[in-house]
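> Those sequence lines, one after another, are chains F and P.
Number 572 in our numbering belongs to position 444 of the first sequence; there are no gaps in the numbering.
Number 189 in our numbering belongs to position 183 of the second sequence; there are no gaps in the numbering.
Be aware that a few hints might be false.
[As the list claims (entries may be wrong)] BS3-like cross-link-like pairs, simulated, lysine-lysine; straight-line CA separation at most 27 Å: (1) F/K156 - P/K134; (2) F/K171 - P/K166; (3) P/K166 - F/K368; (4) F/K890 - P/K206; (5) F/K1015 - F/K890; (6) F/K963 - F/K820; (7) F/K963 - P/K206; (8) F/K661 - F/K712; (9) F/K817 - F/K433; (10) P/K206 - F/K1015.
Don't read these hints as lab results, they were simulated from the structure.
Fair warning: this is a prediction, and the values are worked out from it, not measured in the lab.
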Amino acid sequence: MPDHRIPLNPDALKLEPNGLASYPPVEKWDDWVEFDTAEWPRKVEKHCRILPTICFNCEAACGLVAVVEKDTNKIRRFEGNPEHPGSRGRNCAKGPATLNQVTDPERIRYPLKRVGKRGEGKWERVSWDEVLQDIAGRVRKALQEDRRNEIMYHVGRPGHELLYHQRVLHSWGIDGHNSHTNVCSAGARAGYAFWSGIDRPSPDHANARFILLLSSHLETGHYFNPHAQRIIEAKEAGTKIAVIDTRLSNTASKADYWMSTWPGSEAAILLAMCNVLLQEDLFDRDFLRHWVNWEEYLREEHSDKPQTFQTFVAVLKESYASFTPEFAAKEAGIEPGVMVEVAHEIAKAGSAFSAHVWRNTAAGNLGGWQVARALQFLVVLVGAVGTVGGTAPNAANKYIPAPPLMPPPSKVWNELLIPKEFPLAFFEMSFLLPHFIKEGRGKLAMYFTRVYNPVWTNPDGMSWIEMLSDESKVERHACLTPTWSETAWFADYVLPMGHASERHDLMSQETQAARWIGFRQPILRVALEKQGKKFATTYEAHEAAGIGQVWEEDEFWIELSWRVDPDGSLGIRKYFESPYEPGKKMTVDDYYRWIFENSVPGLPAAADKLGLTPLEYMRRYGAFLIEDNVYKVHEAALKSSDLADSSTDPNSKIVSKNGAVLGVEVDGKACVGFPTPSRKLEFFSKTIKDWKWPEHAIPGYIKSHVHPDNIDLAAGEMLLLPTFRLPTLIHTRSGNAKWLYEISNRNPLWLNSKDAQNFDVKTGDLLKVHTEIGYFIDKVWVTEGIKPGVIACSHHLGRWRLAEEQGGERWSTALVDLKQMGEGKWMMRTIHGIKPFKSDDPDSSRIFWQDGGVHQNLTFPVQPDFISGQHCWHQKVRITKPGPDDKYGDVFVDTNKSHEVYKKWLLKTRPAPGPDNLRRPYWLPRSYKPALEAYYFKKG
Amino acid sequence: MRYGFLIDQHRCIGCHACTVACKEEHNIAVGVNRTWVKYVEKGQYPDTRRHFAVLRCNHCDDAPCIEICPTVSLFRRPDGIVDFDNERCIGCKSCMQACPYDALYIDPERNTAAKCNFDASRVEMGYKPACEVVCPTQAILSGDLDDPTSTISKRVAMEKVSVRKAEKGTKPKLFYAGVDGDLLNPTMMEPQDTHFWADKDPGEDLYALKTKSADRPTPGTAREVYDVPHITPWGKKIASYLWTKSISTGVLLLSALLLNMGFEQDGILLSIFGPMVSLLFLAATMGLLVLDLKKPSRFIFLLTKPNLNSWLVLGGYVLMVFGLLLVAWLALIFNGGMLYPWLVWLTAMFAVASAGYSAFLFAQARGRDFWQSPMLFWHLIVQAFAAGAAFFILLRGIEALTPYALMSPAMFAWLNQALVIALFASLAMIFGDLFMKHGAEESVRAGELLLTGPLSKSFWLFVIGLGVVGPIILMLWPISSIVPNVIAAVLVLFGLWMYEHLWIKAGQAVPLS
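Okay, chain P solo, but in the shape it has when bound:
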C-alpha cells in the first residue's frame, strides 16, 4: 500500500483553500506552511497567463528526510505516508537540508520540524486529507498507488504526469497533471524580489534574487508572482561548527604527525597543549551543534533514540569517540604514563574521521546540490591541516609574548611550509569545485553567487584575498621575524571561517521551490 497524491493543475484555480484548510486542521503558525500555492506568470501582454502550483511534501518512497533525521522523528508508515513525531525531534534542521522540496519547516510554537503528513490522523480513521476535501474544483486526489484500480493509479497510468526533481532519486509520490518544467522548477523561473499582493518576508535570504533581470521580462520565462516565505535553516553556528572542528581535528592531526616525525623537543606542545586545544575546540564544536538545535536539551536523543542511518548520528558518535580518545590521551599524560603509539594513531584516525565525516552528512543533505561535491571530504581534511597549522603558528605568536619558549624553530618552519602547501591545496580544491561547472544547475548557480554574484565581494576579498593569497605572500616573504607569519595565521583562520560562512550561505541561497 502506498498512498500518494495527484494534483491536477488543470482544475486548480489557485484559490488557496487548501493552504488555509491545512492551517486550520493543524493550527499551523503564521509564517510557515505545510502546503501552499505558488503563482507564476509567463508571457508578454496580451499573451500573458498566470499559472498555479500546489506544493508540499511529496511523501517520497526514498525520503532523504527520513535518512538524515537523527532521531527517527521522521518515519515511513506502512501505508507509505511519511509522518513525523514532534516529541522525538531535536530541531537540528537537517531534514530541511535533505528535502529538495522545501517541504519542512520549524514550528515556532514547539521548535520542532513539521511538514505535510497526509493528514495521517484522518487517514487512520478512513478519511481523506483536509486539503482534498475542501478544494472547490477537486484538484487534489489521494489514493493507493499500489492498487491498480484506484482512481489515482489509473490517472497516473493514463495521463501525462510529472514530478518535482525526479533526478534527485527521491521517488516522489506526488504527481502533477497540467504543470511541469518551468512551473515546478525554480531554476527555470525569473526571480522577483516582491509579490503582487504581498512583500517577501524580511527574514528571507534573498541572495539568489540579487541578479540582473531584464527591464522587460522575457516572454517565455516564468516569473514568480506569489510564494510563501522560505527561511534559511542553517547559519553562523553551523559555519562556526565546521571551523572549530577544523581547528580541533587539525591541531590533533598535526600533533600526532609531528610526534611521529620525531619532533621530541616540542613534546610539551605536541603531547599536552595540542590535545588540550583539540579537546577544547571539540567541546566548542559539540557545544555549537547542541546550541544550534531548536531543542538543545534533546541532544541526548542521539544516544537514546538514534537513527543509525543518519550521518548526524554517526558523526556525533565519531566526535564522541574522538573526544574520549583525547581524554584518554590526556589522562595518560597527566598520570605520568606513557603515550602509547597506537593511541596516538587511533586518535589521529578519529581526527581524520571527525574532520571528514561532515562530507557524508552534507551528502545526505540531498536538497542542497552545492554541498554534494565529492571533493568535500578531501577539502575538509586539507582545511583541518590548514587550520591546525595556523593555530599552532598563532600559539607561537602568543608564546612570544610570554617568557616561555616551547616551539622549536624547526617545528615553526615546518608548520609554515605545511600551511603554505595546505593553502595551495585548498585553493586548488575551491577553484576546482567552483570553476568546473559540474553537477546540477543549482550547484552551478550557488557557485556563481560566490564567484560573481552578491557574495562575491566577500568571497574574493575575505576568503581568497585575505584568507589565502595574503597569507601565502606573508609567509613566503623573506624576513626573519615571526610577525608576518603570525599575522598570516590569523588571516588564514579568519578566511577559513568566512569560507564556511559563505559556503553555508551559498548552498542554501538557491531556491528549492
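The shape of chain F in the complex, shown without the other chains:
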C-alpha cells in the first residue's frame, strides 16, 4: 500500500521486476551485463565475463565465479558457482573476501631475493629466470650427488590433489613431501585409517537422522561450507544434532545436545555410548558379522574360546562393560544421562547416523586417535558405513583423475619425514623438523615452504626461527606464498604464487555422497586469452593484467623440473614433456587437457553434447559431477574379469590374483571391501599389535596428557585449549582480508566466571600463562562458554611482523621486537599494535582495530603422540597475575627447554623396525608413498 505522502525520487519510476532468479545462467556468462552498484540508481551498464574457479581459503574447494569487467579486465567481485556440486553456489565469508586478498595494495607482486643476512629483512626484486636457475642448480647437484634427502617440499595448504605434486617429487626420485597434517588432523585420520585403511570420513549429513560432531563444522574445518549446508538441511528436516566440544562453539549452539567435556575424555564417552548399544543389543549384528574382522581378532586374542560370532559379541560386551556412563561422566565432568540419551538416539537413527571427528579432541590430546577409533566404532555398531545418511570412508566420495606420465615411486626413505621413532605416524613428523635438524639427523640443501607458515602456525616457532636462520642447516629456503608471513621473513626467496583466481588446480572433496571434480583457473589470463592475447606463462599474463609477476605452481614445477634435467639424462625431463608433442615442454593446457580427455569418466561425453572439448567444458563450468548417490562402495562386487583366475584364501576369505589383493568374500559374494590387510573393518588392528602396541589394538581410552590427574587446579594450573577456529579466518592468508579482519581480530583468554572469581580478574584484565617452555600474556574474556578449569584461546590471531613497513600484512600484524636474551632464550614484546596506514586502498587509513591478539603457539613445546605422531596441542599451564614489567602481548620462550621436552616425548615411543625389518607397515596410507624397497631398513 504505497503511501501517497512518501515522495518518489524521479529515478524511482521504473518497471517492476518479476520473480527473482539466484544466479546468472551459464549461457549469459560470456556476455553478462549488470548495473554498476557504485553509480546506482543511475543505470550504468557494465559488460562482464563470468569465469569459474575454486576458492583458495581452505581445503573445502568451494566453487567461485569471478565477474570480470571486459573493458578493464578487472575482477569486480566473486560469487558462488552454481554449477559446483559441493558448494552449490554458496560460500562462507572467506569466499567473497578473496577480492581483498587479490587486490591487497601490499601484496607481493614480484619474486624477491634476500639481501644481507637471513632474517635481516632486506629484499631485492629478481626475475623468475634467476630464481629458477638457482634452485634448479641446487636440486640438480643434490640429485647428482645422491643427497636426495636434502631436498624438501613442505606444504601447508595444497589446494590440489596431492597426486599431482607427487608426480613432480617422484620424477625427481626423492622422498621429499612434508606437510602440516600432524599439527592438524593426523590424530583423527590415524584412528579412521586403522579401521578402514582410509583416513577420513564422508558423512552423508543431508540424509542422516542423527548427527554426532566432534568438530565445529558449522564454522570451520574440512569441509565447513558444504557440510554446514547439509547439516542444517537435515536439522530443518527434523534431524537432531549432538556436539562434543569443550567450548561453546557456534556449532554447539545450534546443537540439540552439547556435551562440554574435559578435553581428552571423549573416547570414554564414545565408548560408554558403544557400551549402551552393546549391553542393550541395539547394534547391527549382521553388519558386524559381515564386515568386521572379528575372526582375526578372536584368532589373535582369544584363541582359547570358541571362534564364533557369539563369542565375539560376548567379548565385546565384557571388554566395554567398564565404560559405564557414570565412569565416562566422571572423566568428562558432565551428566551421565545425556550420553545414554544420545546413544539411544543413535540407535534409533540406525544406519542413518553420520558422525565426524576432524581436529577437536583428536588434535589436542595424547591418544586422540583413539577418539576416532571410538567414534567409528559407534558408526560400525549401527551399521552406518557407507549407507544413506551414514558415514562412508572418504575415498568413496572422491575422485582423483589420473595425470599423464605418472613416475614410479621413489626408492629412498627420508628419515626427516617419518623417523624410526614414529613408524605409524599419520603424515610426516613435520613439527619436529627443527629438533631433528638440531640433533644432526640431516640438513636441507633446498627447502621449499609453500602456503605454510611454520614459524607461526606450528608449536615452538622459535625453534623454527633458529633452524631457518642457520644457513648451514637450511642452505636455501624458498617460500612460495601469496602473502608475507612470519616464515617468509626467514627465507632466501619469497615467491608470489597466485590465489584463487590466479592458478590452475584440480580438486575433489568428499562433501556429500557423490563424486565431483573442481577446477581452478587463472581468471585474468583466461579473460585476456578470450580477447585474443596469448601468453607463454601465467605470470606474463598477470603482468599484462597489471598485478605483477604473480605465478602459479603448476607452471613453476614444470619449468623447474625441466631446468633440473634439461637434457633428460636424469630421467626427469620426460615427465614434463607434452603428451601431445613428445620432446616439447608441457604446458598447463596440455596437462589438464590430457587429464580431462582421459581420466574423468563421463566428462568427454558431457562436453561433446555441448560441442565443447573437455578442457573447454571445465574452463566454462569449473566443476563436473562424475557420479551421484554413491553408497556402500565396499559392497561393490568384483568384476567377473577380475575374478577369473583369482583365488580366495579359505581362512581370511581374501580374493587375490597374481599377488595383488582384489577384495574379500563376504557371505559368498566377492566384494571390493576395504583397503586394510583383512579387507574388512579392523576392529582389531593386528598392525598396531605387531608394531609394539598390543594394548591399544582395539578401540580404547588413553588418558590424555592433560587428564585432570595431571592438573592441580588448586595450585593455579589449568588446561589451555589453544586450537579453536573462527568462522571468518584462515591461518596466515586471511591476514590481508580487511573485511574479515574488521570482524575478528583478537584472541582473549576464555575464562569461566568461576575461575575469573578465583583469580580475581574481570574481562580485560591481563593474565600470565606459563607453559613448560615459556609464557605469554593475554587479556581475559569472562564467559559462560567454557568449562571451569579450562582456559581457551583462539588460533588465527596474534600475527606479528619485525619491520614497520614490511614482512607482514599491516591489516593484521603487530610490530614486535624479538630478541635473544641468552642462548635460546627469546623475548618478544609488542612495540605497537595494528595501526591505520597509507596505501592505494583508502580503507587502510580507516583501520579501527588496534589489537591483533597474542601469539600463543610460540610457547607450546612439541608433544607428538607416540602412535599417530599428532602434535597434542592442549597445554598444561600455570596461571599467574602479570608482574609490574609484564606487558600485554609479551611472549617468552626458552628453546633449550623445548628441546628437552621433545626428548622427553620421544621416550614414549616404541620405534621401528617392525615385522620384516620394515620402517612402517606398507599398507598404511602414506602420501607420496615410496617404493616398497625403501620401506626396509638396510641391513648392517
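Please build the complex by placing chain P on the supplied structure of chain F, with the hints as guidance.
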C-alpha cells in the same frame, strides 16, 4: 508489489558470509555495514547458548527515513524497496536519527548516507540480493509480500515470525523466524564493553555501557558478544545549533514583547540591537547546520530538491523567512522608516516558530525515543526566553564597561524577573520529562543516563547547579550591583549549552540494535 525479507535464524549459523558478500557487492568501506550479524550469549555454564541475528534495513512500509530525508535522497520504489540516491544526499544524518534500527551509516568515501537497498540494481535485472545468494544455509529469503503464492508470503502466514520494534509503527518488511524479544531488542540485553574476538571501535559512544553489571552474568539475560561499530551521528554542532537558535529567537521575542509593552526608552536596544543580535545568531545557527552537513555545498538542495514532508526542510524555510523578516525589519530601521507593528508581530511569530519547529524535527527522528517528548516544543520556547533574557542581561554587563547607557533599569529588572521565571519553568519541564517515567524503555534509560548514570555529574553540576539553581540564587540575592546578575546570565547561557549537549548525547546513547 512489496519486496521484503524473511530471515530464518533457525538456519543461520552466524558465519558472516552475508556481511562480506554485501561488502563486496557495494565495495563498502571498512568500519560501516549495510548488513551485519550480531552475536549474543545466554545462560550459565553448561546451559549456555550463542544466538545470531542478521540485522539491516527493514525496508519499512512507513519508513521514517524517507519522511525525514530533506532531499528525497531516500525514496520508495514501486516494488516496495527503500532505495537511496547518494547524488542527492546532503549528509545531514537525520535519517540515522529517524531510523530505529541502525540501518543507515555515512559512507566515508562519499560522505553521504547509505544503507541496504535490497540490491535494487540486481532486483532490477531479476536477480536476488547478494546476501541471499551467498548464504550457505539459505537463511535469507526475499520475495513479494503482496503475492500470496510466494514462498515468503506463505512462510510469514504459516510460521511464527517477528519484527524489530513493531511499536514504532514503521511497518517493517523484514520478518524473523527463530529469534525474537531479547535477541532483537537491545534494551533486553546486558551491555558489554568489548567483544570476544574484537574490541569495540574507539569512536563509539559507550555511555550506555557504563552501568553496573553483575560479576556473574544473570543466566537468562542476553549478553552481546559481537556487534559491528555504531557511531553517534550528531554532536556538538547540533547542540550548538539549538543554543544559537535559542539566543536568536529569544532575543527577538523579547525585543518584540518589550517593544509592545512600551519600553520606548530602550528603543535602540530593542529595535536595533535586538534584531541585529538575532540575525547574527540566526546566521550562526544556519552556519552550524550547514557545517554539520557531510556535504555542506549541497545545502542548496533544500531549495532545489526538497522533500516537503521533512521538518528539516520546513524548518529550514521557517528559519529563512525569519531571517528575511529580520532583514526587512533592519532595512526599515536603517532607512529611517517606521517599524510597522504587524512586522514586529510577524517576526515574533516566526521567532516562535523558529524556536519550536525543532520539536517537530526531533519528533520525526523516530529512532530516538528520548527526543519524542510532547513537552519539547514548549521547552524550546521557554529556553528561548531564558536565552534571550540572559543575553540581554549579558549585554547590560558589556554596556557597563562602555560609556553608553542604553538599557533602562526598568527593562533590566523586568529581564531578571523574566529570566528567573523562565528558569523555574525550564526546571519544571526538565524534571517533568526526566522524573515522570513515560514513553518507551529507551526514553527512560536515556533519562537515567542524565539523572544517575555516566552523564549525571555533568547534568547535575553544569545544567542544574550552575545553569539554573546558581543563577536563580544570584539573581534573587538582594544586592544593588548588576554583577551577580551578569554572572548569572553567563552561567545560564553556559548551562543551556550543556543541556543541549547532554540532551543530544543522551538521546543517541541508548543503543538502537
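> Of all the hints given earlier, name the ones this structure violates by number, lowest first.
Hint check: 2 and 6 fail, others pass.
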